[in-house]
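Trainee: Sequence:
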Amino acid sequence: MGKKKNSNEEQKRRIAAYQDLCADMESRGWMKIDGTISVEKATAMAFVTAGPFALLFLILYFWIWQWSSFTLVEGSLLLLLFLISIPVHEGIHGLTWGCFCKNRWHSIGFGVMWSSLTPYCH
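Position 88 of the sequence shown, counted from 1, bears residue number 323 in my numbering, the numbering being contiguous throughout.
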């Protein structure tokens, strides 16, 4: 329970810092445009954009190498590599965004929305 409390406090701190930054920038003439989308919409967009490519490569793989070449070991390895690629992907976001943040790496946060199993970097 203590970890969740710290997580909530950290989230409140980040939100307050974000709101302060927005107010400061708006007072200097910047215009805020909210480009936030829901997790559901992001998931749908991922399937629509990446899904056809994944299906194409899956069809090509089985057309060239047939089903017999895909073993349980290879499937397990593929799943493991996929799971490893998720934090690597979020880390790439953090590294690149950190280059442009005022406090560099200290401005970046990572987490997982467990209700939707969605990792994030912000």
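Note that these hints are calculated values from the structure, not bench results.
None of these values were measured; they are calculated from a predicted model.
Keep in mind that the hints are not guaranteed to be accurate.
[What the hints assert, rightly or not] Keeping only pairs whose Cα atoms sit at most 25 Å apart, straight-line, the calculated PhoX-like set for lysine-lysine is:
#1 LYS247 / LYS267
#2 LYS276 / LYS337
#3 LYS337 / LYS247
Trainee: Each hint needs a verdict: does it hold in this structure or not?
Mentor: Checked hints:
no., hint, in the structure
1, LYS247 / LYS267, "20 Å, holds"
2, LYS276 / LYS337, "30 Å, violated"
3, LYS337 / LYS247, "19 Å, holds"
Violated hints amount to a single one, hint 2; each of the other numbered hints is respected by the structure.
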